[in-house]
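Number of protein chains: 2
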Amino acid sequence: MKQLAVKKKGPIAFQGARGAFSEEATRKLAGANVAVLPCERFEELFLSLKSGRASGAVVPIENTLAGSVHENYDHLVNYEFPIVAETSVRIIHNLIAPKGVTFSKIKRAFSHPVALNQCLDFFARNPQIERIPFYDTAGSVKMIMEEGLTDAAAIASSVAAQIYGARILRRSIESDRRNFTRFFLLRRPADARRSLPAARNAQWKTSLVFSTRNIPGALFRALSAFALRDLNLTKIESRPLRGKPWEYLFYVDFLGRVDTPNAQNALRHLGELADFLRVLGCYPKGA
Amino acid sequence: MKQLAVKKKGPIAFQGARGAFSEEATRKLAGANVAVLPCERFEELFLSLKSGRASGAVVPIENTLAGSVHENYDHLVNYEFPIVAETSVRIIHNLIAPKGVTFSKIKRAFSHPVALNQCLDFFARNPQIERIPFYDTAGSVKMIMEEGLTDAAAIASSVAAQIYGARILRRSIESDRRNFTRFFLLRRPADARRSLPAARNAQWKTSLVFSTRNIPGALFRALSAFALRDLNLTKIESRPLRGKPWEYLFYVDFLGRVDTPNAQNALRHLGELADFLRVLGCYPKGA
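For the record, the sequence lines run as chains D and Y.
With the working numbering, you'll find the first sequence wraps up at 288, consecutive numbering, no jumps.
With the working numbering, you'll find the second sequence wraps up at 288, consecutive numbering, no jumps.
Please note that the accuracy of each hint is not assured.
Remember, identical chains collapse to one label, so a pair may be satisfied in a single copy or spanning two.
Unchecked claim - With a straight-line cut-off of 25 Å between C-alpha atoms, the simulated SDA-like cross-links for lysine to any residue are: (1) K51 - R194; (2) K143 - R28; (3) K236 - T151; (4) K29 - R240; (5) K286 - L242; (6) K10 - E44; (7) K51 - F124; (8) K108 - A125; (9) K51 - A125; (10) K108 - E41; (11) K108 - K143; (12) K29 - P241; (13) K51 - S176; (14) K100 - D177; (15) K51 - L121; (16) K236 - R222; (17) K10 - V210; (18) K286 - P262; (19) K286 - L250; (20) K236 - L250; (21) K10 - L209; (22) K10 - Y80; (23) K143 - V115; (24) K106 - P285; (25) K100 - M144; (26) K51 - D177; (27) K106 - F277; (28) K236 - G53.
The hints are simulated quantities; they were obtained by calculation from the structure and are not laboratory data.
Could you build the full structure based on these sequences and the hints that come with them?
In structure tokens form, the structure reads like this:
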């Protein structure tokens, strides 16, 4: 019952326009019919959670082609909202047009330049279609629908086609299908504690950030805290600290619940070796 | 003399339009007056080097806000062109207009949406200026100059302003100054061997990629190859191999020349533990 009460408190914030891939992640993480709050900037997600305008926030954390979103790691460290769930969304680009517009009529395709660039094979096969940059993927669907364009398409998610009542002319036109984005669902600390017991039988992951001084073998020693306790890492990444030459921040995910004795021992051990250590969250492993 | 001969063989390929940040990196890596070959896609950089159209290629490999460019790591593994140099370019966005157009006349600013989004504080302070997405940063300067727009600006590098004869109205309008991109210069293997002795006294870095099976502590054991020999890592990053659950690719950079006995021993040791191991290059450490 408390779970439901938490969910009713407010919408889930995501970055982008209605129909963005972040909205798809939001519906996977918080339910198909959840109320949503589209935001322009990543930091607004954290501010809306802080102010209570949102009851949760969905943030992209890494992409299989483009890497980790360091900005969001920074916000995770600064705002201290715990991760309560993760999911992965395959980035599928579709050619979308108003109903009644056929493929042979399409002379222009609008989308975010990153999306246009991920469909270059499609454009090479269809040189009659001009690429036109637009502010975002979902927004380009909204625009062609509002303007009633009859020679234009947009490139966006299938959710965007659905929201704006448009039709998908070609599905999955991206060149590289290994394009996935991993998202975290964040809650306020009190709500996170309430939702923790929900999935007792799931496999769990714990995400953390730590830094070490640059002494030879510092990382090796830090990782011994996990290896000596048979805790399996699923992610490790170093990030140089700008302005502090030779100091590094490390992102680590390991399989396991943070509240088990084994994990607690590992974190205590790591705490002896690290200058800075913060657990970002413990959550059921996503599919 | 041979060095010079290599350099004269052909232009250096980079991705983007003339005046892109990649061109700035190219000039830092290969000389201010080097001939350049702008390409549309990352893979074209590798293809132009393979075909001999270019004598070198400059590829972005990681950004301090956006993470590692996994696509280019994939190309590095597949094409086997060695890294011979690295550099880091600070991404500085400038408001650029045709000469004679003053700041108070600017009603619109064109640029790549990623650049526009990195200048949101500027737009919040100047709500009279509308943001308009364009295909790329440098291309937006070219366009406002060709069209002779009198109420519009572009957001791009200072090199772009110079190339297209435009004027910088506001310098460094990006919200976050910790925005750096690291680039590699690649050569064909024969040319790389020739250029290796050039900087005998410099501090060197070696970059490599390896994979391990998912047995507990596999990464820890792999890193022992470096830690036991006091080789300092400057980067480590895991990347899940899609389609091969629980297998990971690791990117590692360490300080040292690959041809020293110590590094050779470390690589032999790592080779015993890794399923796959490839040295991507050995190059003088960038500033």
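Could you tell me which of the hints above the structure violates, numbers in ascending order? Of the numbered hints given earlier, those the structure breaks are 3, 14, 17, 21, 24, 27 and 28, listed in rising order.
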